[in-house]
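> Below, each chain spelled out in residue letters.
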Amino acid sequence: MKDFTGKVLFITGGASGAGLGQAKVFSEAGCRVCIADIRQDHLDEAKAYFKEKKVKVHTIKLDITDRKAYAAAADEVEKVFGSPPDMLFNTAGVNAFGPAEASTFEDFDWVIGVDLFGVINGIVTFLPRMIKAGKGGYICAVASMGGFMPSTGCTPYSVAKAGVIMLMECYYQALKPYGIGVTCVCPGGIKSNIDQSALTRPKALANTGYNTDEKTMAFEHNIYQTVGIEPVELAKMLKKAIEDEQFLVIPSPDPEGMLRMTLERLVNYTTPEGMKRQEGMMAKRMEEMRQRMPQGPNPYAGAAEAGWGAARKDLTWVKPTRMAGAPPPKKEK
Amino acid sequence: MKDFAGKVAFITGGASGAGLGQAKVFSEAGCRICIADIRQDHLDEAKAYFEEKKIKIHAIKLDITDRKAYTEAADEVEKVFGSPPQLLFNTAGVNAFGPAEASTFEDYDWVMGVCLGGVVNGMVTFVPRMIKAGKGGHIATTASMGGLMGTAGCAPYSAAKAAVINLMDSYHTALKPYGIGVSCLCPGGIKTNIGESSYTRPKRLAKSGYNTNEKTIEFMRHHYSFGIDPVELARIFKKGIEDDVLYVLPMPEPEKMMENIVGRMVNYTTAAGMKRQEEANKKRMEEMMKNPAPMMQGAAVAGWGKAREDLTWVKNTGPRT
Numbered sequence: 036m037k038d039f040t041g042k043v044l045f046i047t048g049g050a051s052g053a054g055l056g057q058a059k060v061f062s063e064a065g066c067r068v069c070i071a072d073i074r075q076d077h078l079d080e081a082k083a084y085f086k087e088k089k090v091k092v093h094t095i096k097l098d099i100t101d102r103k104a105y106a107a108a109a110d111e112v113e114k115v116f117g118s119p120p121d122m123l124f125n126t127a128g129v130n131a132f133g134p135a136e137a138s139t140f141e142d143f144d145w146v147i148g149v150d151l152f153g154v155i156n157g158i159v160t161f162l163p164r165m166i167k168a169g170k171g172g173y174i175c176a177v178a179s180m181g182g183f184m185p186s187t188g189c190t191p192y193s194v195a196k197a198g199v200i201m202l203m204e205c206y207y208q209a210l211k212p213y214g215i216g217v218t219c220v221c222p223g224g225i226k227s228n229i230d231q232s233a234l235t236r237p238k239a240l241a242n243t244g245y246n247t248d249e250k251t252m253a254f255e256h257n258i259y260q261t262v263g264i265e266p267v268e269l270a271k272m273l274k275k276a277i278e279d280e281q282f283l284v285i286p287s288p289d290p291e292g293m294l295r296m297t298l299e300r301l302v303n304y305t306t307p308e309g310m311k312r313q314e315g316m317m318a319k320r321m322e323e324m325r326q327r328m329p330q331g332p333n334p335y336a337g338a339a340e341a342g343w344g345a346a347r348k349d350l351t352w353v354k355p356t357r358m359a360g361a362p363p364p365k366k367e368k
Numbered sequence: 105m106k107d108f109a110g111k112v113a114f115i116t117g118g119a120s121g122a123g124l125g126q127a128k129v130f131s132e133a134g135c136r137i138c139i140a141d142i143r144q145d146h147l148d149e150a151k152a153y154f155e156e157k158k159i160k161i162h163a164i165k166l167d168i169t170d171r172k173a174y175t176e177a178a179d180e181v182e183k184v185f186g187s188p189p190q191l192l193f194n195t196a197g198v199n200a201f202g203p204a205e206a207s208t209f210e211d212y213d214w215v216m217g218v219c220l221g222g223v224v225n226g227m228v229t230f231v232p233r234m235i236k237a238g239k240g241g242h243i244a245t246t247a248s249m250g251g252l253m254g255t256a257g258c259a260p261y262s263a264a265k266a267a268v269i270n271l272m273d274s275y276h277t278a279l280k281p282y283g284i285g286v287s288c289l290c291p292g293g294i295k296t297n298i299g300e301s302s303y304t305r306p307k308r309l310a311k312s313g314y315n316t317n318e319k320t321i322e323f324m325r326h327h328y329s330f331g332i333d334p335v336e337l338a339r340i341f342k343k344g345i346e347d348d349v350l351y352v353l354p355m356p357e358p359e360k361m362m363e364n365i366v367g368r369m370v371n372y373t374t375a376a377g378m379k380r381q382e383e384a385n386k387k388r389m390e391e392m393m394k395n396p397a398p399m400m401q402g403a404a405v406a407g408w409g410k411a412r413e414d415l416t417w418v419k420n421t422g423p424r425t
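So the sequences go chain by chain: A and B. Per this note's numbering, the very first residue in the first sequence carries number 36; after that it's consecutive. Per this note's numbering, the very first residue in the second sequence carries number 105; after that it's consecutive.
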């Protein structure tokens, strides 16, 4: 897709972070934007922002795990814009950090419910409408590099994102005959509010095996603000990929090298000799990763003190040795 | 894990197909086996089989998507065997075929509920018990090559299996400090009755966007009869578990196979790579058309892989695998 003029674009999680960045970049490119978000305060802020810029956007308060509400949102889009969206960006996501083995059913249900089933809900809701409209279009999902990597510290998240990447590959192949392109964005971190996602966790799924409180949220916020990519910058990369009809977006100067390095373990993990090779490789890769980290204080230092990535305190059978979700902090001094 | 003697092994989907193959191989290796299965007829058949061989196994009727029942099954294991399992085989799986774009919520809920949710349920139910027992162990999950390559003809299955592969990769690292190993089997087709899995699909999730009927099920019986033998597959898996290999690919050159899979993803990251990949795909498709696999014979006539007939907006592009 090269021309965005007049295209109707529906963005989940569009009122802040990565989604807001997309709303900015694609409204500028000529899209008529509808942002959906679970947080009313963010919707209000986004509305005020675009009003000031004299850009017309439509906003809908939406919990993407609510299929009935999603269908109602799709009806609203058709009523307001006169057609289903030409473009669907599945951007909303949540995360929760803690040891894999401490994960509860509710940790999986919540994170997989939003990050994987939220995308499924978007596609099952909108895709038949888009195909029937017969105008082609584009579907994107914001997955994560985490979907290409195992994670001991945010397992439901990496599992959900791996599912999303595969889901999008299936649709990438399936939708070609309809003129609907598919792109999957796989960033590292984004300067977003994902650290606040616990605030939107439903009461019914509150039972977590992880240690999550004000301190861990503040700690996490600092990580994303330090290592994360600017949402507008990421959205520009997505725009380029859509123009080129490129399936994967890896925000790196060397996307091929980056992904190959990430996935080499899959090859190594298939043989006993490779398993050994991989052990040695891990230490090397970790060092390379540390060197690529931004200058200044290591944002992961102090994770233990903040209790970030730890299990819920009463789960005494969980070994406390690991800094879940983060490379070990640099020895400072 | 090298020594299986006396180890308690819990196998989901253990009464037929891949799971039954594992029950045979690992009981022979000395494991004390508990098979869990959703189908009572298969449980009865398996019980009769092992009884005749004078092998003691315990059988539990279990729907792995039912968490309460799963907890009760775990309690039963501890009561019968005196401890939680040291070996957990997440083997039960279902599949449904049809165009990705025709998929309903219920297609996703059912296939992902069993193939992903069922494995999550096994992990959340048993891992804390295994850790607390302090005896180490091994978790052996059956995923699929389908989880490594996206296919337009069974999107819910591919997505679920990709998620499971990541889940196992994650637990593989997480459970090392506890002496619990993790292996993930990624076969192509297996000689099983996965083609009959729609028989176990719950009524409340019956609404499918796919064409599924006795004809398509009959085709799948034919299709999967070309799959790998479950006992042979279980032996390969056993070797992988002994060697502590994470991804067990039952093929002669697993590294080369995985190189291809990784190469495809890498190609997807640049415009030039996309072109390379498209050409490779086209070539592969032409090869396939030139030499149609016997296992695909009769797919079109059976209407296999098609959308439900009333979904007239779905383009009929033929069976996709």
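Treat the hints as calculated values from the structure; they're not laboratory data. The structure displayed is predicted, hence computed values, not measured ones. Some hints here could point you the wrong way.
[As the list claims (entries may be wrong)] Looking from chain B toward chain A, a few residues come up when the C-beta cut is under 8 Å (computed): (1) L271; (2) G331; (3) I332.
[Claimed, not checked] With a cut-off of at most 20 Å between alpha-carbon atoms, the simulated PhoX-like pairs for lysine-lysine come out as follows: (4) K106(B) x K311(A); (5) K354(A) x K360(B); (6) K103(A) x K82(A); (7) K275(A) x K379(B); (8) K106(B) x K342(B); (9) K354(A) x K280(B); (10) K86(A) x K96(A); (11) K379(B) x K37(A); (12) K311(A) x K342(B); (13) K211(A) x K274(A); (14) K211(A) x K387(B); (15) K311(A) x K360(B).
[What the hints assert, rightly or not] Far from chain B, by Cβ distances over 12 Å, these chain A residues were calculated: (16) E136; (17) Q313; (18) A339.
Even glycine gets a Cβ: it sits at the ideal position worked out from N, Cα and C.
> Each hint needs a verdict: does it hold in this structure or not?
Against the structure, the hints come out as follows:
Proximity of L271(B) to chain A holds as hinted, the smallest CB-CB distance being about 5 Å (cut-off 8 Å). Against a cut-off of 8 Å between C-beta atoms, the interface hint on G331(B) is violated, since the closest Cβ of chain A lies about 20 Å away. Restraint check, I332(B) versus chain A: the minimum CB separation of about 16 Å is more than 8 Å; hint violated. Restraint check: the Cα-Cα separation between K106(B) and K311(A) comes to about 17 Å, which is no more than 20 Å; the hinted pair holds.
Distance hint between K354(A) and K360(B) is unfulfilled; the C-alpha atoms sit about 37 Å from each other, more than 20 Å. Between K103(A) and K82(A), the direct Cα distance comes to roughly 24 Å. Violation of the 20 Å bound is thereby established for this hinted pair. As the CA atoms of K275(A) and K379(B) are separated by approximately 16 Å, the hinted pair is consistent with the 20 Å bound. A hinted pair counts as satisfied when its Cα atoms are at most 20 Å apart, and K106(B) with K342(B) qualifies at roughly 9 Å.
A C-alpha spacing of about 11 Å is found between K354(A) and K280(B), which places the hinted pair at or below 20 Å, so the restraint holds. For the hint pairing K86(A) with K96(A), the CA-to-CA distance comes to about 18 Å; that is within 20 Å, so the pair holds. With a CA separation close to 18 Å, the supplied pair K379(B) and K37(A) stays within the 20 Å bound. As the CA atoms of K311(A) and K342(B) are separated by approximately 19 Å, the hinted pair is consistent with the 20 Å bound.
At most 20 Å may separate the alpha-carbon atoms for a hinted pair to count; K211(A) and K274(A) meet this at roughly 19 Å. Restraint check for K211(A) and K387(B): satisfied, since their Cα atoms lie roughly 18 Å apart, inside the 20 Å limit. For a cut-off of 20 Å, the pair hint linking K311(A) to K360(B) stands: about 18 Å separates their Cα positions. With 12 Å as the threshold on Cβ separation, the claim that E136(A) sits away from chain B is violated: the shortest Cβ distance comes to roughly 5 Å.
For Q313(A), the condition that its CB be more than 12 Å from all CB atoms of chain B is violated, with the nearest at approximately 9 Å. The Cβ of A339(A) lies farther than 12 Å from every Cβ of chain B, with a closest approach of about 16 Å, so its non-interface assignment holds.
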